[in-house]
Every structure is written in C-alpha cells, then in structure tokens.
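Enquirer: The residues making up each chain are set out below.
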Amino acid sequence: MSYGRIVASAVLGMFLLFFVAADLVLFGILPLNSVVVTILPLAGLVLGAVLGVMARKRQSASQPAAQANAQPVG
Amino acid sequence: MKFRYLPVAGLAFGILVIGSASQAMADIPGTDGCAASGVWVEDGLIVVAETDNGVFTIPRSDTVNWEGSVAGPPGEYSGSVWVELPPPFGEVEVDSWSGDSETTSNSGSHEYDLPSLVPAGVEIVVSGEHNDENGSCSGKATLEIDGGPFDSPVTLISLGGTAVTGLGVALTLRPLFRRVL
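Chains as they are written, first to last, in this note's numbering: chain C, 1 to 74; chain H, 75 to 255.
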C-alpha cells in the first residue's frame with residue numbers, strides 16, 4: 001500500500017496555501033499578524049491529504065478497469 | 075532616559091506614535107504618563123501617541139525627529155518594541171531599553187532606509203511597552219510602507235511559489251481529474 005501520493009499532496013497542499021497566505025499578506029488583503037496566515041497552511045496540509053486519499057482511491061478504481069480493457073481476446 | 079523607539083525603519087518609533095498633525099501630544103494609556111511624538115522630516119508626517127488609531131503609511135526611507143517623556147522621574151526603567159507575527163510565532167523584538175535615570179524626557183533623530191525586501195502595503199502591527207518606578211504604559215500602531223506589492227521582489231517569489239506548488243498539486247491529484255472507465 002503506497003502512501004506516496006497522499007504525503008506528496010499533503011505537503012504540496014500545505015506549501016500551496018502557505019504561498020497563497022503570503023500572497024494575501026503581500027497584496028494587503030491580510031495583516032501580517034492575522035491568524036489566517038497560520039490556519040491556511042494547516043488547512044492545506046489536511047485538504048491535500050484528503051484529496052490525496054481520494055486520488056489514490058480513484059486511481060485504484062481505474063486500474064482494474066484499464067487492465068480488463070487490456071485483456072487479449074480469444 | 076533613552077527612548078530608542080526607532081531602530082528599524084521608524085517602525086520602532088511608530089509603535090507608541092500615532093495621530094495627525096493637528097492633534098496635540100496625547101498620553102499613551104498607562105499609569106506613568108508616557109507620551110511620544112514624531113515628525114517624518116521629508117514626508118511631513120507628524121504623529122502623536124495614541125493607540126489603535128488606524129493605519130499609518132510611512133515612506134521607505136526618511137528621518138524621524140522624535141520625542142518621548144514620562145510624567146515623573148522614572149528611576150529604574152525598561153521597555154521594548156516588537157513586531158507582531160501571526161500565531162504561534164509570537165513577536166520579533168525590534169528594540170529594548172533599560173537603565174536608571176531621573177530624566178523625564180528625551181528626544182533625537184533617527185534616519186532609516188528599509189531594504190526593498192521589506193514589502194510595501196503590508197499592515198504591520200508594532201507594539202511596545204515601557205515600565206518604570208511610577209508604573210507602566212503600552213501601545214500599538216499599525217504601519218505600512220508606502221508603495222505597491224511589486225515594489226518588493228518577495229511578491230514575485232511568492233507568486234512563483236504559488237504557481238509551482240499549484241502545478242505540483244494538480245499533477246499529484248491527476249487521477250481526480252480523469253474519468254473512471
């Protein structure tokens with residue numbers, strides 16, 4: 001059972017929302033000391049992990065179908 | 075008595091210093107009658123001490139003529155000024171002072187020139203407190219550097235990071251975007 005995709009999407013999700021938070025601060029939408037700046041990367045970590053799990057399930061579901069389609073006939 | 079509120083960028087001074095040119099010098103809330111004021115020489119901005127009084131836009135470089143005082147001889151005193159960061163990172167101390175004095179006021183001039191890495195247009199909360207034998211006082215000010223987001227290369231770096239990590243997330247989650255046969 002591979003968790004690589006889940007870990008990768010969680011870490012990337014955290015960094016994505018960290019940079020989004022930084023963008024919001026740099027464009028003056030959030031003040032520097034806003035708690036949202038802290039929450040967004042954590043939300044990215046969780047959301048990334050959840051989406052990683054969903055992506056992994058989707059991939060496992062599609063693989064048997066692809067293998068069945070690839071079976072030689074006859 | 076030293077009131078070295080102005081180390082980096084006049085930000086340090088801005089802490090206890092807020093107001094407008096038309097206002098008289100006001101006390102900073104506390105028990106020992108602290109007061110402070112400052113004049114940005116080139117920009118013409120004049121601020122006096124109050125708390126939570128809007129956002130003050132300061133130039134990236136200037137010279138600030140400042141004054142600070144307490145109501146009575148302070149004796150042993152200490153204080154500090156800090157920039158507030160998002161939780162849980164707390165704060166970064168910009169300056170601190172301590173000593174023993176009977177002088178009730180001080181003034182000076184501080185020239186600053188912030189590097190371009192410091193982003194413009196970002197609201198930065200600067201807080202400070204002063205304690206002496208007569209009591210204490212504290213204050214905070216919200217400051218931002220005059221200019222736009224692209225005055226600092228940090229903005230381009232951040233936008234680049236957003237694009238790269240967004241692409242990474244999209245590639246990692248590729249199966250979510252495929253139809254299951």
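FYI, nobody ran anything at the bench for these hints, they're computed from the structure.
Any given hint could be a false lead.
[What the hints assert, rightly or not] Each computed SDA-like pair below joins lysine to any residue, with the alpha-carbon atoms no more than 25 Å apart:
| id | chain 1 | residue 1 | chain 2 | residue 2 |
| --- | --- | --- | --- | --- |
| 1 | H | LYS214 | C | SER34 |
| 2 | C | LYS57 | H | ARG248 |
| 3 | H | LYS214 | H | TRP171 |
| 4 | C | LYS57 | H | TRP171 |
| 5 | H | LYS214 | C | ILE39 |
| 6 | H | LYS214 | C | GLY28 |
| 7 | H | LYS214 | C | THR38 |
| 8 | H | LYS214 | C | LEU24 |
| 9 | H | LYS214 | C | LEU30 |
| 10 | H | LYS214 | H | GLY164 |
| 11 | C | LYS57 | H | LYS214 |
| 12 | C | LYS57 | H | PHE251 |
| 13 | C | LYS57 | H | PRO249 |
| 14 | H | LYS214 | C | ARG56 |
| 15 | C | LYS57 | H | GLY164 |
[Unchecked claim] What the simulated footprint calls covered on chain H by chain C, stretch by stretch (three residues with Cβ under 8 Å from a Cβ of chain C suffice, anywhere in the stretch; the number is not a length):
| id | stretch |
| --- | --- |
| 16 | 152-161 |
| 17 | 186-198 |
| 18 | 214-226 |
| 19 | 232-238 |
Here a beta-carbon is modelled for each residue, glycine too, at the ideal position from N, C-alpha and C.
Enquirer: Each of the hints needs a verdict: does it hold here or not?
Expert: Cross-check of the supplied hints:
Between the alpha carbons of H/LYS214 and C/SER34 the distance comes to roughly 15 Å, so the proposed pair stays at or under 25 Å and holds. In summary, the hint linking C/LYS57 to H/ARG248 is supported, as the alpha carbons are separated by about 12 Å, within the 25 Å threshold. Only pairs whose Cα atoms come within 25 Å are accepted, and H/LYS214 paired with H/TRP171 is accepted, the gap being roughly 17 Å. Under the criterion of a C-alpha separation no larger than 25 Å, the hint pairing C/LYS57 with H/TRP171 is inconsistent with the structure, at around 59 Å.
A C-alpha spacing of about 24 Å is found between H/LYS214 and C/ILE39, which places the hinted pair at or below 25 Å, so the restraint holds. Using a Cα cut-off of 25 Å, the hinted pair H/LYS214 and C/GLY28 holds, with the two alpha carbons roughly 19 Å apart. For the hint pairing H/LYS214 with C/THR38, the CA-to-CA distance comes to about 21 Å; that is within 25 Å, so the pair holds. Restraint check for H/LYS214 and C/LEU24: the C-alpha separation of about 23 Å stays at or below 25 Å, so the hint holds.
At most 25 Å may separate the alpha-carbon atoms for a hinted pair to count; H/LYS214 and C/LEU30 meet this at roughly 18 Å. Straight-line distance between C-alpha atoms of H/LYS214 and H/GLY164 comes to about 15 Å, which keeps the hinted pair within the 25 Å bound. At most 25 Å may separate the alpha-carbon atoms for a hinted pair to count; C/LYS57 and H/LYS214 exceed this at roughly 51 Å. For the given pair, C/LYS57 sits about 13 Å from H/PHE251 by alpha-carbon distance, which is consistent with the 25 Å threshold.
At roughly 9 Å between alpha-carbon atoms, C/LYS57 and H/PRO249 fall within 25 Å of each other, so this suggested pair holds. For the proposed pair H/LYS214 and C/ARG56, the alpha carbon gap of about 49 Å is over 25 Å, so the pair is violated. This hinted pair does not check out: C/LYS57 and H/GLY164 have alpha carbons roughly 40 Å apart, beyond 25 Å. Counting residues of the stretch 152-161 of chain H whose CB falls under 8 Å from any CB of chain C gives 5; the rule of at least 3 is met.
By the rule of at least three residues with a Cβ nearer than 8 Å to a Cβ of chain C, the coverage given for the stretch 186-198 of chain H holds, with 5 such residues. Check on the stretch 214-226 of chain H: 4 of its residues sit with their Cβ under 8 Å from a Cβ of chain C, so the three-residue criterion for coverage holds. Closer than 8 Å: that is the beta-carbon criterion, and the stretch 232-238 of chain H has 4 residues meeting it against chain C, so the requirement of 3 holds.
Checked against the numbered hints listed earlier, the structure breaks hints 4, 11, 14, 15; every other hint is satisfied.
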